[in-house]
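Number of protein chains: 2
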Amino acid sequence: MSRWEPNARGRLEQAALALYGERGFEKTTVAEIAARAGLTERTFFRHFADKREVLFWGAGALQELLVGAVASAPDAAAPIEAVVAALETTGAIFEQRRELARQRQSIIAANTELQERELIKLATLASALAGALRRRGVGEPDARLAAEAGIAVFRVAFDRWIADANGQDFPQFVREALDRLRAVTGGAWPPVGVASPTAEPAAVTTAVRAG
Amino acid sequence: MSRWEPNARGRLEQAALALYGERGFEKTTVAEIAARAGLTERTFFRHFADKREVLFWGAGALQELLVGAVASAPDAAAPIEAVVAALETTGAIFEQRRELARQRQSIIAANTELQERELIKLATLASALAGALRRRGVGEPDARLAAEAGIAVFRVAFDRWIADANGQDFPQFVREALDRLRAVTGGAWPPVGVASPTAEPAAVTTAVRAG
Chain B
1 MSRWEPNARG RLEQAALALY GERGFEKTTV AEIAARAGLT ERTFFRHFAD KREVLFWGAG
61 ALQELLVGAV ASAPDAAAPI EAVVAALETT GAIFEQRREL ARQRQSIIAA NTELQERELI
121 KLATLASALA GALRRRGVGE PDARLAAEAG IAVFRVAFDR WIADANGQDF PQFVREALDR
181 LRAVTGGAWP PVGVASPTAE PAAVTTAVRA G
Chain A
1 MSRWEPNARG RLEQAALALY GERGFEKTTV AEIAARAGLT ERTFFRHFAD KREVLFWGAG
61 ALQELLVGAV ASAPDAAAPI EAVVAALETT GAIFEQRREL ARQRQSIIAA NTELQERELI
121 KLATLASALA GALRRRGVGE PDARLAAEAG IAVFRVAFDR WIADANGQDF PQFVREALDR
181 LRAVTGGAWP PVGVASPTAE PAAVTTAVRA G
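Quick note, the sequences are listed as chains B and A, same order. The first sequence begins at 1 in our numbering and counts up by one. The second sequence begins at 1 in our numbering and counts up by one.
Just chain B, same shape as in the assembly (with noise of 0.2 Å):
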């Protein structure tokens, strides 16, 4: 976990973030960057490529984790639990950067090419998420679009979880992300009390019983 560490790169980013908040991203320079984290351009230089990978730098970290947690979830879950159990598996990550992941989406909602670029990132790992699938025996287009809900139900997830005062969890707000997309993509709207068409098996198999 060394690359979640505060330090030279912990204290640049503090420093580019809190910059490109005040300034803009566009108008911010490396040298103010350094020069606030009491560090030099060189040491900027040894940490990131430049100015937009402070903002991205996680990507191929966030990736592998969830990879990994995709490939050890129980071989009977569901490809979208699956990805659901690899998500909530971020949430001790997250918690630590709440105020970060806040500062940094906003800097990312003021400027359409960050935009893209994060846009881009999801995609990445949409397809890297559907290809762990696929090595779980999940076919196509199955693995596809259990990857693409799982990036859906996360950046709704992720938004709520930044804009709560409250103190939720972030994998509690995994959870209900994926509670209301069953809900969307079912037969039935709105949904008819408790047990949905598409709620858990528990639920339907109350129905039949009931039935």
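Misleading hints may appear alongside valid ones.
[Stated by the list, open to error] EDC-like, lysine to aspartate or glutamate: derived pairs with alpha carbons at most 20 Å apart:
1. B:Lys-121 x B:Asp-169
2. B:Lys-51 x B:Glu-116
3. A:Lys-121 x B:Glu-113
4. B:Lys-121 x A:Glu-113
5. A:Lys-51 x A:Glu-140
6. B:Lys-121 x A:Glu-140
7. A:Lys-121 x B:Glu-116
Keep in mind the hints are simulated off the structure, nothing from the lab.
Following the hints, position chain A against chain B.
Coordinates of chain A only, in the frame set by chain B:
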């Protein structure tokens, strides 16, 4: 529907797609496209801002069509059903353009910058669909999740339709992709028997009667 009419625009589009396929997108010039179409560069620029727009000019019309169709879906339609019904309405237009769509897709697959543009186009489409769902009274995060799930269905259906040699029509691929989405986002895996827990309410009813 005048935007779909083949004339100067159609001839330029066909010439451009043929050349992008033969020489690659990067290496093709506007002068070559105009010459192949038997038209002038000036005519090209009356129809398209640049080379790239030949591949993306239809995005606005597609978005309008889908947003309009979501708006006019039956009130009782589940969010995903409204989106899927909208996707099905595009079938007739797509059917006329299958060969062009196939060419376009392989050109995009060969070029990272075009892939990124395509991702951005689809993200814009997802936002527009979420907006159309909100105007139907669907709240958040439901509108966004249904729109994202709909785009995942669209992409899978589109790729399969393009790859298909048996002439199965686009709406049928859309329905199949929706069925798979429901299967992979359900709780049971693999889905048991013919009536999976995430199937349509009718199928669940059948299972109830059988049980």
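Okay, the hints, checked on the actual structure:
| no. | hint | result |
| --- | --- | --- |
| 1 | B:Lys-121 x B:Asp-169 | violated, 23 Å |
| 2 | B:Lys-51 x B:Glu-116 | holds, 16 Å |
| 3 | A:Lys-121 x B:Glu-113 | holds, 14 Å |
| 4 | B:Lys-121 x A:Glu-113 | holds, 14 Å |
| 5 | A:Lys-51 x A:Glu-140 | violated, 38 Å |
| 6 | B:Lys-121 x A:Glu-140 | violated, 24 Å |
| 7 | A:Lys-121 x B:Glu-116 | holds, 10 Å |
The structure fails to meet hints 1, 5 and 6 from the earlier list, while all remaining hints are met.
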